[in-house]
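Residue numbers (the numbering used here), protein chains in the order written: chain F, 1 to 373; chain Y, 1 to 396.
Simulated from the structure, these hints should not be mistaken for lab results. Heads up, some of the hints might be wrong.
Once the Cα atoms are required to be at most 25 angstroms apart in a straight line, the calculated DMTMM-like pairs of lysine to aspartate or glutamate come out as [unchecked claim]:
| no. | chain 1 | residue 1 | chain 2 | residue 2 |
| --- | --- | --- | --- | --- |
| 1 | Y | 335 | Y | 133 |
| 2 | Y | 126 | Y | 282 |
| 3 | Y | 126 | F | 56 |
| 4 | F | 266 | Y | 20 |
| 5 | F | 31 | Y | 297 |
| 6 | Y | 335 | Y | 249 |
| 7 | Y | 172 | F | 56 |
| 8 | F | 70 | F | 91 |
| 9 | Y | 389 | Y | 282 |
| 10 | F | 369 | Y | 282 |
| 11 | F | 70 | F | 331 |
| 12 | F | 64 | F | 91 |
| 13 | Y | 172 | Y | 153 |
| 14 | Y | 172 | F | 331 |
| 15 | F | 70 | Y | 153 |
| 16 | F | 358 | Y | 282 |
| 17 | F | 358 | F | 331 |
| 18 | Y | 250 | Y | 260 |
| 19 | Y | 172 | F | 74 |
| 20 | Y | 126 | F | 364 |
| 21 | Y | 181 | Y | 282 |
| 22 | F | 64 | Y | 153 |
| 23 | Y | 172 | F | 82 |
| 24 | Y | 181 | Y | 77 |
| 25 | Y | 172 | Y | 246 |
| 26 | Y | 335 | F | 207 |
| 27 | Y | 389 | F | 207 |
| 28 | F | 266 | F | 364 |
| 29 | Y | 335 | F | 255 |
| 30 | F | 358 | Y | 133 |
| 31 | F | 64 | Y | 160 |
| 32 | Y | 389 | F | 255 |
Some chain Y residues near chain F, calculated using beta-carbon distances under 10 angstroms [what the hints assert, rightly or not]:
| no. | residue |
| --- | --- |
| 33 | 36 |
| 34 | 53 |
| 35 | 154 |
| 36 | 239 |
| 37 | 241 |
| 38 | 337 |
| 39 | 356 |
Built from N, CA and C at the ideal position, the CB exists for glycine as well.
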Amino acid sequence: VAELAHNGRALVGEEVKPPAASTGALGWVRKNLFGSVGNTILTLLAAWFLVATVPDFVSWAFLKATWVAKSVRECGVEDVREGACWAFIGEKWRFILFGRFPFAEQWRPVLVCLVFVALFLASTNRRLWGRPLVVVWLGGLVINGLLMWGGIVGMTFVPTELWSGLPLTLVLAVIGMSFAFPLGIVLALGRRSHMPAVRSLCVAYIELIRGVPLISLLFMATQMLPLFLPSGVTIDKLLRAQIAIILFAAAYLAEVIRAGLQSLPKGQYEAASALGLSYWQATRLIVLPQALAAVIPALVNSFIGIFKDTTLVLIVSLFDLLMTANNATTDPLWRGTSTEAYIFVAAVFWVFCFFMSKYSQMLEVDLNKGRKR
Amino acid sequence: MAVDTARPGVRPSRTAFYNDPTIRAILYQVAVVVTVVAVGWYLFHNLTTNMARQGIASGFGFLNREAAFAIGEHLIDYSPADTYGRALLVGLLNTLYVSVIAIVLATIWGTILGIARISSNWIVRKLALVYVEIFRNIPLLLQLFLWWAILREVTPPLRDAWNLLPGVWISKQGLIYPMPKADPAHLWIGLAFLVGVVAAVVVHRWARQRQAATGQPFPSIWAGVGLIVGIPLLVWLAFGAPLVFDVPEKGRFRFTGGSEISPEFTALVFGLVVYTAAFIAEIVRGGIQAVPWGQTESAAAVGLTRTQALRLVLLPQALRIIVPPMTSQYLNIAKNSSLAVGIGYPDIVNIANTTMNQTGQSVEGIAIIMAVYLTISLSISLFMNWYNKRIALVER
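Kindly produce the complete structure, drawing on both the sequences and the hints.
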């Protein structure tokens, strides 16, 4: 009725404004916060929740926090701490980020992390996608390998046992993804193969790995792998964990890539064979470029998953970012600061994962533009 | 090594039968199988020689030996004098217990969050968004450590335990809460509950048949709730309404009475639920948003109420999209419960790890872990596939 009246009046040329309560800030508040009885109750509940938690947290994290101190004792009175002891992070951040890497040489892991971040950023540049990006990544990885190991141009040699913290986490995730990716492609192609023996082997591998937790593979790599090797042959502990991560990630990537293969219309396969391309030619030139492009956002998500999963290596006592944080809190001067340590590490992980997931969402929208109706 | 011996045998024959894809396929497969078997045999050979050299006896005989380690939490009777086999069984039950509780709670919490994500209330919507973005971007193990640290560092020692609710206390020792005192009536109330469930199912079937035959609806949901709640309530009243709670009493050094949840268990379940619910929320939101708006409008146009529209039109369609990814989240919960080893909750991985360290039987220990998780994964997959088939669109 109101609409009719509005139209009628508008016809005579008289302009009628909507009621004041339905526009502007007030209107927005009414519509979005107090639209109905239920809505009002929800708003009040949410407001109560915020009032109950946010001031306490702000007081703990900022107002009553100690930013400079020599030990945890100075952060509170007689073991009772009202606020966070960020002085602990100020004292230990280098150990948490770079761990047992020789202190004087820690500019190297800093550079390694920067190179990784630069590589991530370079990967978002779509003009580089394809062969240039592969070259950039190979170059970056070689530089990082040299920086981590050292042993040339005056850099002391640092064995993998001393690699720790953020660079180790990044190495495990990036190398895990790089090697799992081709393996995943092979497994995905095998699973879609017409040869029953190949197909069943691939299905068995994928389902077996996806059915067990990563921890069991890490245990296997650290405790059982030495038993599988001929006597006298030993493999570095980091490499063993890395192999477990690669084998684990490959099974998950295979399923992602299989989804891409399945999304390809059958006509593409038929057209490829009509052109006289062999299986490998068709796969390399027609199938994979389209199938992989369709699953790029899912691949980014898989990488986030691998990145988060690398924290599990601390259970087989490798010094990843979480393990260094754990170790930092065992310092008798800084007892009872685990909460601060974990929040710091969580912030580091969060920044990486959040931006990668935002990028993947953006990419998904962007790559689907052509298909959107 | 095995690859080198297998390949040269294949290449000449490939050129010989170049034009026959069938023969080529067979040769490829023979090559692959021979390679896999050869590598497998080589690894197995190394394994047996290494184990013989280190004097590790293979086989599951150790399961009957005395475990000699204590387990903090056990659902069945256990003491260090029991066997490794029983210790592993305790671990398995703990894994299942944690997984089931976490799956149920994560489903409820995740669904609430998913609906909150598309709520018309701005503040609720934004809060849910912030929750999801924070918790799914932090590694689960780190979250478990964080909750575990907060439970240890922020909660007071037992003598200063916080009184959360009347009778509910939290301290470094975990959560202590009141339990109803055992009463003979409980057995009968339990039986009455079962009777109520059966009666509700019968009424629901009858109501559906009647509606199909005569078109007359019957509020079978409310009748069902009434039966399931009402019958046990009547039995309880018939027994003179016994309601005595075993309320924990705070002593100087420990609590007497009540039941207790350990900090490890609390941190593990809490962490699993908080983390997985963020993913479930996105699945639920996606599923609901995937149902076209026209469906809601047509449901209203044919005269369904909002509840009916939700139950009969929207949910069945949303579930079809929600169930498959939900299955993988449930599988993730079961597998992620293995992170218990990080905070010391005695799940199967933790106990198998202790067993491996004590006996050196790492091959058997890992085989047990893998077999357990494969069985759990397979069972969840089978159940969810069955459920998925039930709700799937019936096409020609």
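Verification of the supplied hints:
| no. | hint | in the structure |
| --- | --- | --- |
| 1 | 335(Y) / 133(Y) | 22 angstroms, holds |
| 2 | 126(Y) / 282(Y) | 14 angstroms, holds |
| 3 | 126(Y) / 56(F) | 20 angstroms, holds |
| 4 | 266(F) / 20(Y) | 23 angstroms, holds |
| 5 | 31(F) / 297(Y) | 21 angstroms, holds |
| 6 | 335(Y) / 249(Y) | 38 angstroms, violated |
| 7 | 172(Y) / 56(F) | 21 angstroms, holds |
| 8 | 70(F) / 91(F) | 8 angstroms, holds |
| 9 | 389(Y) / 282(Y) | 23 angstroms, holds |
| 10 | 369(F) / 282(Y) | 22 angstroms, holds |
| 11 | 70(F) / 331(F) | 12 angstroms, holds |
| 12 | 64(F) / 91(F) | 18 angstroms, holds |
| 13 | 172(Y) / 153(Y) | 8 angstroms, holds |
| 14 | 172(Y) / 331(F) | 21 angstroms, holds |
| 15 | 70(F) / 153(Y) | 20 angstroms, holds |
| 16 | 358(F) / 282(Y) | 14 angstroms, holds |
| 17 | 358(F) / 331(F) | 37 angstroms, violated |
| 18 | 250(Y) / 260(Y) | 13 angstroms, holds |
| 19 | 172(Y) / 74(F) | 23 angstroms, holds |
| 20 | 126(Y) / 364(F) | 22 angstroms, holds |
| 21 | 181(Y) / 282(Y) | 41 angstroms, violated |
| 22 | 64(F) / 153(Y) | 17 angstroms, holds |
| 23 | 172(Y) / 82(F) | 17 angstroms, holds |
| 24 | 181(Y) / 77(Y) | 21 angstroms, holds |
| 25 | 172(Y) / 246(Y) | 21 angstroms, holds |
| 26 | 335(Y) / 207(F) | 14 angstroms, holds |
| 27 | 389(Y) / 207(F) | 21 angstroms, holds |
| 28 | 266(F) / 364(F) | 23 angstroms, holds |
| 29 | 335(Y) / 255(F) | 18 angstroms, holds |
| 30 | 358(F) / 133(Y) | 10 angstroms, holds |
| 31 | 64(F) / 160(Y) | 22 angstroms, holds |
| 32 | 389(Y) / 255(F) | 21 angstroms, holds |
| 33 | 36 | 6 angstroms, holds |
| 34 | 53 | 7 angstroms, holds |
| 35 | 154 | 7 angstroms, holds |
| 36 | 239 | 37 angstroms, violated |
| 37 | 241 | 32 angstroms, violated |
| 38 | 337 | 8 angstroms, holds |
| 39 | 356 | 7 angstroms, holds |
Of the numbered hints given earlier, the model fails hints 6, 17, 21, 36, 37; all others are met.
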